[in-house]
Amino acid sequence: MMNTLQAFSPDWVSPPGETIADLLEERDWTQAQLAERLGYTTKHISQLINGKAPITEDTALKLERVLGSNAVFWLNREAQYRAEVAKIEEQSLLLSWVDWLDQLPVKDLMDQGVIPKCRLDAKHKPTVVKDLLTFFGVASPDDWQKHYVGMQALFRKTRHDQCDVGAISAWLRQGEIAAEELQIPKYQKAKFEKAVQELRKLTVLEPVEFLPTIKQLCWSAGVVLVFVPSVPRARTSGVARWLNLHKPLIQLSFYGKTNDKFWFNFFHEVAHILLHADQKKDIFLDDWEQGEKLESQQEREANQWAKTFLIPSEYDAELLDLKTKDAVTKFAAMLGIHPAIVVGRLQHDKRISMTWMNEFKQKIEIPTEVDRFGDRQRS
Numbered sequence: 219m220m221n222t223l224q225a226f227s228p229d230w231v232s233p234p235g236e237t238i239a240d241l242l243e244e245r246d247w248t249q250a251q252l253a254e255r256l257g258y259t260t261k262h263i264s265q266l267i268n269g270k271a272p273i274t275e276d277t278a279l280k281l282e283r284v285l286g287s288n289a290v291f292w293l294n295r296e297a298q299y300r301a302e303v304a305k306i307e308e309q310s311l312l313l314s315w316v317d318w319l320d321q322l323p324v325k326d327l328m329d330q331g332v333i334p335k336c337r338l339d340a341k342h343k344p345t346v347v348k349d350l351l352t353f354f355g356v357a358s359p360d361d362w363q364k365h366y367v368g369m370q371a372l373f374r375k376t377r378h379d380q381c382d383v384g385a386i387s388a389w390l391r392q393g394e395i396a397a398e399e400l401q402i403p404k405y406q407k408a409k410f411e412k413a414v415q416e417l418r419k420l421t422v423l424e425p426v427e428f429l430p431t432i433k434q435l436c437w438s439a440g441v442v443l444v445f446v447p448s449v450p451r452a453r454t455s456g457v458a459r460w461l462n463l464h465k466p467l468i469q470l471s472f473y474g475k476t477n478d479k480f481w482f483n484f485f486h487e488v489a490h491i492l493l494h495a496d497q498k499k500d501i502f503l504d505d506w507e508q509g510e511k512l513e514s515q516q517e518r519e520a521n522q523w524a525k526t527f528l529i530p531s532e533y534d535a536e537l538l539d540l541k542t543k544d545a546v547t548k549f550a551a552m553l554g555i556h557p558a559i560v561v562g563r564l565q566h567d568k569r570i571s572m573t574w575m576n577e578f579k580q581k582i583e584i585p586t587e588v589d590r591f592g593d594r595q596r597s
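Be aware that the sequence shown starts at 219, since it is given in the working numbering, and climbs by one per residue.
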C-alpha cells in the first residue's frame with residue numbers, strides 16, 4: 219500500500235477522491251466499509267470520491283490513520299485540485315470578459331511594456347484580460363468599473379472632452395504603481411513651499427541636471443513626483459491628486475514637452491497641491507492641448523498661480539516691452555528663470571509669433587520611470 223502511495227503521480231485535474239477510490243479497489247473495500255472506519259456516512263464518502271466534499275484537516279488526519287500516507291499528502295492533494303478547478307473556472311470567466319478590452323488602450327499598453335505583447339486574437343484575449351486585471355489591481359471588470367469609472371466623478375478636467383476613462387485610468391494606474399514603490403515621508407506643506415522656491419531656481423538648468431533634483435526635492439517634502447509616458451487616447455499631460463490623506467502625487471507625461479511647457483505644467487500641478495489640499499478626493503487632470511477656456515475654477519486658479527509664480531505680475535509692464543532675444547535673455551536672468559519660459563509666456567500672450575525665439579526652448583524626453591509592468595507581474 220505505501221509503495222502505491224509513494225509512486226502515485228497524480229493528474230491534478232482529477233479529484234483527490236480518485237486516489238481514495240484506487241486504494242479502496244486495492245484493498246477490496248466498499249465505500250460503506252470505509253465510511254464505517256472513518257466514522258462518516260456512505261453519502262459523505264461518495265461525495266469525497268466525486269470531489270463534491272472537500273478533504274478537511276480532520277478528514278486528512280482520519281485518512282492518514284485508515285489509508286496511510288500522511289495528512290499533508292491528502293491536504294496538498296485537495297489544495298491542488300481546488301486550485302486547478304478554480305483555474306478552469308477562471309478561464310471561463312476570462313473568456314466571458316474579453317469585451318472589456320474594447321474600453322482600454324490595449325495596444326498602447328503593450329507598446330509601452332505595461333503588459334506583454336501578443337496577438338489580440340480569440341486565443342490570447344483571455345490572457346490579456348488577466349494581465350490587465352493584474353495591472354489595475356482589481357478582481358474583475360465590474361470591480362474596475364466601480365473603482366476607475368466611478369472615479370470619473372472626481373475628475374477636474376481642463377477640457378470637457380477628456381472622457382476616455384479607459385485610457386485615463388490606464389495612465390493614472392501607472393502613476394499609482396510607481397508611487398506605491400516609493401518610501402517617502404508624510405507631506406509637510408511648509409517644507410514643500412520651501413522646496414518650491416528652490417525648484418524655481420532649477421529652471422535655468424539643463425533637463426539632465428534638473429530632473430533628478432526636482433524629484434528629490436518633492437519627495438523630501440512628502441510629494442510623490444513620477445514621470446509616466448503618455449497614453450494617446452487619455453490626452454493627459456499631467457495630474458495632481460492625493461493618493462491618501464498624507465500622500466499627494468504629481469504625475470507628468472512630458473507629451474510634446476519643451477522646457478517652457480514643462481515648467482509651467484509642473485508648477486500648475488504644484489498649485490493644485492498647495493491651493494486645493496482641502497479637496498483631496500478630486501483628481502486634477504490637465505490636457506496636453508488645453509486652451510484658454512478651462513472647465514473648472516480650480517484649473518483657472520492653478521494657471522494663474524503658476525503664471526505669476528514664474529513671472530510675478532509686477533513685471534507685466536517690462537514683459538510687454540521685450541522685443542529682442544537679448545532683452546529676453548536679460549529679463550530672464552533678472553528673474554532667475556530660463557529664457558524659454560519668458561518666450562513661452564510672450565507666445566501665449568500673443569506678444570510674439572509662435573515661431574519666434576524657439577531656439578531658446580529645449581526638448582525634454584521622459585526618463586525611464588516606470589519599468590515593464592508585464593515583466594514584474596510575471597516575476
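Source of the hints: derived by calculation from the structure; they are not laboratory data.
These numbers come from a predicted model, not from an experiment.
Some hints could be false.
Unchecked claim - Pairs of lysine-lysine residues, derived as DSS-like cross-links and limited to a Cα-Cα distance of at most 25 Å, are as follows:
#1 Lys498 x Lys541
#2 Lys548 x Lys568
#3 Lys407 x Lys364
#4 Lys433 x Lys465
#5 Lys261 x Lys409
#6 Lys579 x Lys541
#7 Lys305 x Lys280
#8 Lys498 x Lys404
#9 Lys364 x Lys348
#10 Lys465 x Lys407
#11 Lys498 x Lys364
Legend entry - 25 Å limit on alpha-carbon distance, applied to hinted pair Lys465 and Lys407: holds (11 Å)
Legend entry - Pairwise hint evaluation, Lys409 against Lys261, where the allowed Cα distance is 25 Å at most: Measuring from Cα to Cα gives roughly 70 Å; hence the hint is violated.
Legend entry - Proposed proximity, Lys465 with Lys433 (alpha carbon, max 25 Å): Holds, at roughly 14 Å.
Legend entry - Pairwise hint evaluation, Lys404 against Lys498, where the allowed Cα distance is 25 Å at most: Answer holds: Lys498 to Lys404 is near 15 Å, not above 25 Å.
Legend entry - Distance restraint between Lys498 and Lys364, which requires alpha-carbon spacing of 25 Å or less: holds (19 Å)
Legend entry - 25 Å Cα cutoff - pair Lys364, Lys348: holds (18 Å)
Legend entry - Distance restraint between Lys498 and Lys541, which requires alpha-carbon spacing of 25 Å or less: violated (43 Å)
Inset, instruction - Decide if the proposed pair is consistent with the structure: Lys548 and Lys568, CA atoms, cutoff 25 Å inclusive. - result: Measuring from Cα to Cα gives roughly 20 Å; hence the hint holds.
Legend entry - Restraint status (C-alpha distance of Lys407 to Lys364 at most 25 Å): Judged against 25 Å, a Cα distance of about 32 Å means the pair is violated.
Legend entry - Satisfaction of hint between Lys541 and Lys579, Cα-Cα up to 25 Å: This hinted pair holds, its Cα atoms lying about 17 Å apart.
Legend entry - Distance restraint between Lys305 and Lys280, which requires alpha-carbon spacing of 25 Å or less: violated (28 Å)
The structure fails hints 1, 3, 5 and 7 (numbered hints given earlier, in ascending order).
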